[in-house]
Structure formats: structure tokens, C-alpha cells
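Q: If you're matching them up, the sequences are chains A and B in order.
Going by the UniProt record's numbering, 316 is the number at position 316 of the first sequence; the sequence numbering is gapless.
Going by the UniProt record's numbering, 232 is the number at position 232 of the second sequence; the sequence numbering is gapless.
Source of the hints: derived by calculation from the structure; they are not laboratory data.
Honestly, I wouldn't trust all of these hints.
What the hints assert, rightly or not - Calculated lysine-lysine pairs in the DSBU-like style (CA-CA distance at most 30 Å, straight line): (1) A:LYS2 / B:LYS109; (2) A:LYS312 / B:LYS109; (3) A:LYS312 / B:LYS2; (4) A:LYS2 / A:LYS109; (5) A:LYS385 / B:LYS312; (6) B:LYS109 / B:LYS192; (7) A:LYS109 / B:LYS109; (8) A:LYS109 / A:LYS195; (9) B:LYS2 / A:LYS109; (10) B:LYS192 / B:LYS312; (11) A:LYS382 / B:LYS312; (12) B:LYS382 / A:LYS312; (13) A:LYS379 / B:LYS382; (14) A:LYS312 / B:LYS379; (15) B:LYS109 / B:LYS195; (16) A:LYS109 / A:LYS192; (17) A:LYS2 / B:LYS312.
As the list claims (entries may be wrong) - Sample of chain A residues at the chain B side, in silico, Cβ under 7 Å: (18) GLU11; (19) ILE39; (20) HIS334; (21) ARG368; (22) ARG393.
As the list claims (entries may be wrong) - Just a few of them, taken from the derived set where beta-carbon distance is under 10 Å, the chain B residues facing chain A: (23) LEU98; (24) PHE102; (25) THR226; (26) TYR279; (27) GLY371; (28) PRO373; (29) TRP434.
Only a predicted model underlies this, so the values are computations on that prediction, with no experimental measurement involved.
No residue lacks a Cβ here, since even glycine has one placed at the ideal position from N, Cα and C.
2 protein chains.
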Amino acid sequence: MKITPISGFPEYLPAERIVEQHFLDIIRETFELHGFPSIETRAVEPVDRLLGKGGDADKEIYGVSRLAGDETADAELGLHFDLTVPFARYVLENAGHLAFPFRRHQVQKVWRGERPQEGRYREFTQADIDVVDVGELAPHFEAELPLVMAEVFSRLPIGQMVIQVNNRKIPEGFYLGIGVTDVIGTLRIVDKLDKIGPARVADLLVESGLTREQADQCLALAAIRTEDLSFADRVRELGVSHPVLDEGLDALSRVISSGMANAPGALVADLRIARGLDYYTGTVYETQLVGHEAWGSFCSGGRYDSLASDGKTTYPGVGISIGVSRLLGLLLGHQMLRASRSTPACVLVAVNDEESRPTSTRVATALRARGIPCEVAPKPAKFGKQIRYAERRGIPYVWFPGAGVAADGAGDRPGDQVKDIRSGEQVDADASTWAPPAEDLHPQILRSEA
Amino acid sequence: MKITPISGFPEYLPAERIVEQHFLDIIRETFELHGFPSIETRAVEPVDRLLGKGGDADKEIYGVSRLAGDETADAELGLHFDLTVPFARYVLENAGHLAFPFRRHQVQKVWRGERPQEGRYREFTQADIDVVDVGELAPHFEAELPLVMAEVFSRLPIGQMVIQVNNRKIPEGFYLGIGVTDVIGTLRIVDKLDKIGPARVADLLVESGLTREQADQCLALAAIRTEDLSFADRVRELGVSHPVLDEGLDALSRVISSGMANAPGALVADLRIARGLDYYTGTVYETQLVGHEAWGSFCSGGRYDSLASDGKTTYPGVGISIGVSRLLGLLLGHQMLRASRSTPACVLVAVNDEESRPTSTRVATALRARGIPCEVAPKPAKFGKQIRYAERRGIPYVWFPGAGVAADGAGDRPGDQVKDIRSGEQVDADASTWAPPAEDLHPQILRSEA
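One chain only, chain A, in its complex shape (with noise of 0.2 Å):
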């Protein structure tokens, strides 16, 4: 049977699963020091429920079903495409037993039969953090989610990430307060930006109905991005007002300021940022990779003023999704990182002979007791052979036991010795004291900027 990589079902070697690995790690430490509990819900869901919610009819869903099928009365299931449909589902059939405003986090795979092409995959890794509330969610959880991502992006050894925020309120009551109402059409127009630029949308509006001035005043906007909370002046400098405007502005300043408190640099308002048309309803939020914003967001969400509802109670939520493998598999694709060895072990613990197998088994166990990962050497051959082995993998210590001066006292166990075999430096060394410096306890994850 011949052996094919399956398009879009990315796999990774060894050493790349490292580098993944420190990612997860780091997203969930900084998830869990935020006081998000994880949960995980199941790969499938009833299609009716996958087809219903998302707002993208067009996701390309998988079906799910037995080969040996006889199951005609069962619901019909397909993979989830996102983790927020999900966990909809899982607040409504467990509201009973779950505390209000609930916080989680959710790192999982989704599969969507998407066309494969660079970055974008059928099966890829998301990790989501959301609260959502009963009846109400206060606006404060719009500050604090975006704070979470900018920790977790300084954490993680990727250059600058840029959270970009905007609130739908904003164009929403300023598209109002020029006279135009079809706001939806006119965001849809607005948000090709990126994509065929200002003058081609300018005559998409005008030909959707708007004047040649309503247009330049929805790019006017569109084109406002800063830092402070100047694009509150830069909005009213436009000279249009409405209610709704105002409450939007109110919300990003209230988010933007957190951001300079808390995170100088890490959140900009940035009011073409549009998202997610159907469902936000307040904040919105992508990410760019400073020096890469040709890649587009890396993380992306918003807030729902109904993530879930079953018909009495509606809950209001926000939320924030990283792309985990979009964003590791461009920084690995383009060698921006690597991992320094392609094995948790750092020490390999060499054989003499066969016979001897239970001393180097016993100063691995000693080494491991104290939390030093390590590997007993597959064969008694000459050390040249058992290094090699180490270098191969990019262990950084081979382990020689007996290859000591014996201790004072007769019939003492001669001691053992270590070799770090980048330096080529061997010394003496007691399995129940030695430890490799920090820096080499585990795999490093190493940066080069492509």
C-alpha cells in the first residue's frame, strides 16, 4: 500500500512537535494563571447544529458516520469546524451545572474541508478563551480577554503581535449618522479593504447606493488607527455623531486604556477591523505579526450579545481564538524556529556491556528521580557509536558510569563521568547530585528571524 501525506492533515517530525508542544504549554499556563478552567468537548456534533450557527453556511462540515452502519435512528454527526458552536452547545446542556459568568479555555483540533494551501489546513489546532454570562456579560471582559492573548504573545518567542480592536458600535452608529442604514451591506463593502483597497471599495458603495461623500466618510473611518485613545478626537473630527457612535467609542476607549495600562503596545484601536458580521455585536478583535501582516490574524474574535440561547435565557458572551497550527506552521514552514534537540532526554546513559544494563538503568533512575529526563544507550557498542547516537537526537550529555577513579577504600565502585558532548568536556559526576545547567534540562526553542 503505497504511503501518501494526506493534503491539509498536517503531521509534525519529532523536534517540530517540541516547538508545538512550548507553544500549547504557554497558552495554557498563561489561560490557567488567568483563572480559565479547560474543558474539551467532543470531535463531533449533530449536522443540523453545525449548519445552524457559525454564520458561514459555507464551512465545509465532515460528515461522520459507521462503515457498518445501522444506526438509521441516530442523529446525523459531523466534525466541529470551530470550537465556539461547541461550546455553545456545552453551556446550554450543562448550564445547570456550570457558575455564572463562566470562564473557560478550549484547546482542541477542528477539521473543516477547506481547499488546502499555505497556512491553511483541514485539520488544525485552536485555542479559544470565552466568558459568557446569563442575561448580561459586563463590558469589562472586553478588556480583559485581549490582555490574556498580549500575555500569552509575550510569552511565547514570536516577534511583536499586534492586537487590533475596533467596536461594531463604532461604524455601526457613525454609518447612521451619515444617512446610512443598509449598515450590514456597507461593512460587508468595507471590510475587502485588505483585498482590492480603498478606491475599488469606494465604488462598490457608491454603486450600493451611498454618495460619493457617505463613501469617502466610511473610508475616512476606516482608515483611523491608533494606539492612544486619540481615535475618539480623529472619529469626531469627521463631524458626525450619533448615540450609537458614542457608545462605541466609550467601549473601545475603555478597552484601549486598559490595554496602555496593562499592556503598552500590545492593543491598537484599528476602526476597519469588522469580523464576523453576522454574530459580534461589540468588540472585535484580529491580530498581526508585526513585520507579517500579509499572513493575516492569528488570533480573532468578539463578542456575541447571544453566544447561546435555548428560547427563555440568552447568553452573552466574548471570546478570543488563537490559530495555533496557521501560526506554527508558517513560522516552521518559513525557519523561523526550531527546537534544540528532537528528544525530551538530556542525558543518554551509556552501556559497557550487556551484563552491566542494570548499573546504567539504576543512574537513570537516579538522574530521572530528580526530574533530569534521560535514555539508556540500545546497545553495549564502542562509545564512539553510543555518542553518535546522543548527537544524532541532540542529547547534550552522554552518561559513562565506572569510567571514574575508583574512591578511596578497597573494592569501591570506581565512579562515573559525564560528558557534555558539544564541549567534548568529561567529568567527574554522582547520579544523585549532578544537574545539567537550567538552560539544558529541556529541549530550548530556538528563534532565527527568516
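Fit chain B to the given chain A structure using the hints.
A: What follows is chain B alone, placed relative to chain A:
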């Protein structure tokens, strides 16, 4: 749309998920201490590969296809039902990039369309370690792998796990030695011992063509179970000899004696264990939780002479797999484990009024900078209500900014206080120096024998 759980697809509440995370953390940490790097494989494999390997033709495979399917040219895909078939494919696909002997661990979900029942799921997590080599695999790996699992179990908050070990060459050589040539057929009947008992097994063996004496000998062999090396003498007392039997006894002696030296009590020789009749060729493992033997095996595996083959090269391997979801489902289902709280947050920082939220956020930031997970209260409610918010989630500490006595000197902001809401004790505290007792920093996993 009515919301109902999908049978066989379990989901956890946040507190249960904390128990699962604890298990997965210990499993990964132990695997890494033993030098097993992680890999993950895609969730899908070509259906013909899933059907062709793994032995059981009756694995209930879930097929996967795009609802908007138009790719008739693409291979038919299915969700993997274990991690061995994907690993074997991964080894063949990446052989040129891997260093052999290749060790890896893999912790992922798998899917089987089986009839759901207690401890049997349609979506569940397995945690595997394997070592695979090219052409030949050194036998010491068969002794090493169960020691890794024994260390995992010793660090989990569960009762005693006993790994039962056998070597397939023992029954094979023994059967040949008493003149029984249908080894697989005989093993298949003896394998029913747990289900139908010795009398019925003896009858079936006689029906299959064995003499009553041969049948009794088979049962006598299967009854041997020892914690030390005496199993070999007990086999020899049965008066049977065959070179393959001797090979098997020597191999099993090496595994058990390594267990006695490195993990006393964790391994037993149990000559009844057969497992995976079609593919295991040497050592085989099963694992029982002492006192809950009826729950069956939680950790099984063995040696394959041909884990994978591309026609030219054969890759022998040895592997063991923990059924994480099965184990957790039973322990949680029988209330034998619980988490001390439903959130990672150790501290809730109270909010005096909405205007002073930034003060509370600064406290939280200072605590997080020193690794203390915390959350800022959602509302500036009465303190009693904020304390109840913490209580409901099991958060042990509530922090009150400015509740302390003002420091000396005019204009100083009053200091903070922190309350242990379990004891009610409230003391002065400084966010840049205060730390909880170590056992409160992260949720504890609490055990109760059911």
C-alpha cells in the same frame, strides 16, 4: 433544537477535566523523563489501511467525508481506532527522517463505533509508548516499557496497578512440547478462561481435538502466576520441554527480574495472558487495578516482530497503551476521585467598585507574575457575594485591595488583606510577596475509596 448527550461521547465538567489533566500531565511527564518524545498523527487514515491492519476485522470504523463532497478522486478516509496503525504508517512515511531505534509517545483521541457501555466509549483517549527498530529489536526494550508504565501508575492517585506479563513463546513451546500443533486455535480457547472458567475451557479444548490430559496441561500452564522467577520452575515441574518454551521462559525471566530490581511488586508473571493473537510475537502485557480486577485491563500491549513493513524493510516494535478514558471514566463514575476546585484560580481578587477595577487588576498581575493563578471578581458586589463567588468554584483565597491598615506616613494607600475563606482567617498581605501554601497553588486531586 433539543440538546441531548451523544451516547459514547463523554464530556467532562471543569472539575472532572482537572482530574483528567492531572492524569495526562503525569503520563506525559513520566514518558518524557524516560526519553520518549511526543508525536501526534492526523485523526484520519485511508480506510483501506484501517481495515488492513490491527487484527480485528470487526473494529467499528467511522468513515469521514465532506458533506459538500466532490472529491471522488480522493482516498476514502476514516477516523483512527487506535494509535498503533497510524504510528506504523508514520514510521514508514518518515523513516528517512527518524533515528532508529525510534522511541515515541502519543496521547490522542481515537474513535470506535462500538456499542457504548460502562467504561467503553466511542471517543476516548489512549496514551501509548512504543520503541521500533529496523530489522531487529533488542529484547531489553520488552523489560523497559512496563517499567515506564509502572512509574506512571505509582505517581497517579489510584490504587495499586499490577502489570501481568507473559511471553507468547511460553504457551507456543509448551503446546508444541505436549504435541498440540494448532497453537493459535488452542490459545484462542484458553484466552476465554476469565469469561467461561476452566471446566468449560477444558471441554472446548477436548472438542477441538486435544486429549483430556493435554487440556489439563494447558490449564495447568495458564494457572501459573508468580511475583518472582519461580514461574519457570513451576512450568518445568509440568514435565514439558521444548526449545521455544525455553526461549520464552528466559525472555520472561529477564522482564520479571528487571521488574523485581526496579519496581518491586509492579510486575507479575502470569502465563494466562494471551492478547492480540494475530500480531504479538513475544512479551505481552495486561494491567489490572488491584481490588477491581473485574474492570479488566487498563494498560496492554506487547512485542510485534513486524510493526510495519514496506516490503523491503521490516520494523519490529514493542509498545504499551494506557486506556486513559476507560480508567478515568470508572474512577470518576464511582466517585473515587475528585478535584479540590473547578478552576485553576487560587485567588479571587475582590473589586471595591467598578472605578477601582484597575487596582484589583494590578494586584492580579502582581500575583500572576509570581505564578499564582487568579481571577478578578466579575462585579463590585457586597463582599459576602464576592466570597460566595469564590466558594462556589472552590477558590480558596479572596484578596481585598485596600482592606488593611494604612502604612505609616500620610498619603500612603492602605495595604491589602487576604482571606482564607475555608478558615475565615484574614491577614495583611502584599501582592509582591504573599504566596499560598504549596498545596493550595494548584487544584488538588482527592481520593476516596468507593
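Q: Compare the structure with each hint and give your call.
A: Evaluated hints:
1. A:LYS2 / B:LYS109: At roughly 25 Å apart (the allowed maximum being 30 Å), B:LYS109 and A:LYS2 satisfy the hint.
2. A:LYS312 / B:LYS109: It is violated: about 35 Å lies between the C-alpha atoms, which goes past 30 Å.
3. A:LYS312 / B:LYS2: holds (13 Å)
4. A:LYS2 / A:LYS109: holds (27 Å)
5. A:LYS385 / B:LYS312: With a Cα-Cα distance of about 26 Å, the restraint between A:LYS385 and B:LYS312 holds, given a limit of 30 Å.
6. B:LYS109 / B:LYS192: holds (29 Å)
7. A:LYS109 / B:LYS109: holds (10 Å)
8. A:LYS109 / A:LYS195: OK: A:LYS109 and A:LYS195 at ~29 Å, within 30 Å.
9. B:LYS2 / A:LYS109: Roughly 25 Å separates the two Cα atoms, so the pair holds.
10. B:LYS192 / B:LYS312: Distance ~37 Å between B:LYS192 and B:LYS312 Cα, so the pair is violated.
11. A:LYS382 / B:LYS312: holds (28 Å)
12. B:LYS382 / A:LYS312: holds (28 Å)
13. A:LYS379 / B:LYS382: violated (68 Å)
14. A:LYS312 / B:LYS379: Between A:LYS312 and B:LYS379 the Cα gap is close to 24 Å, so the pair holds against 30 Å.
15. B:LYS109 / B:LYS195: holds (29 Å)
16. A:LYS109 / A:LYS192: holds (29 Å)
17. A:LYS2 / B:LYS312: holds (13 Å)
18. GLU11: holds (6 Å)
19. ILE39: Given a least distance of 6 Å, the restraint on A:ILE39 holds.
20. HIS334: violated (19 Å)
21. ARG368: Holds: closest Cβ of chain B sits about 5 Å from A:ARG368, inside 7 Å.
22. ARG393: holds (6 Å)
23. LEU98: holds (8 Å)
24. PHE102: holds (9 Å)
25. THR226: violated (21 Å)
26. TYR279: This interface hint is violated because 17 Å lies over the 10 Å limit.
27. GLY371: Check passed: Cβ of B:GLY371 comes within 7 Å of chain A, closer than 10 Å.
28. PRO373: Since the shortest Cβ distance to chain A is 5 Å, the answer is holds.
29. TRP434: violated (16 Å)
In summary, the numbered hints that this structure violates are 2, 10, 13, 20, 25, 26 and 29.
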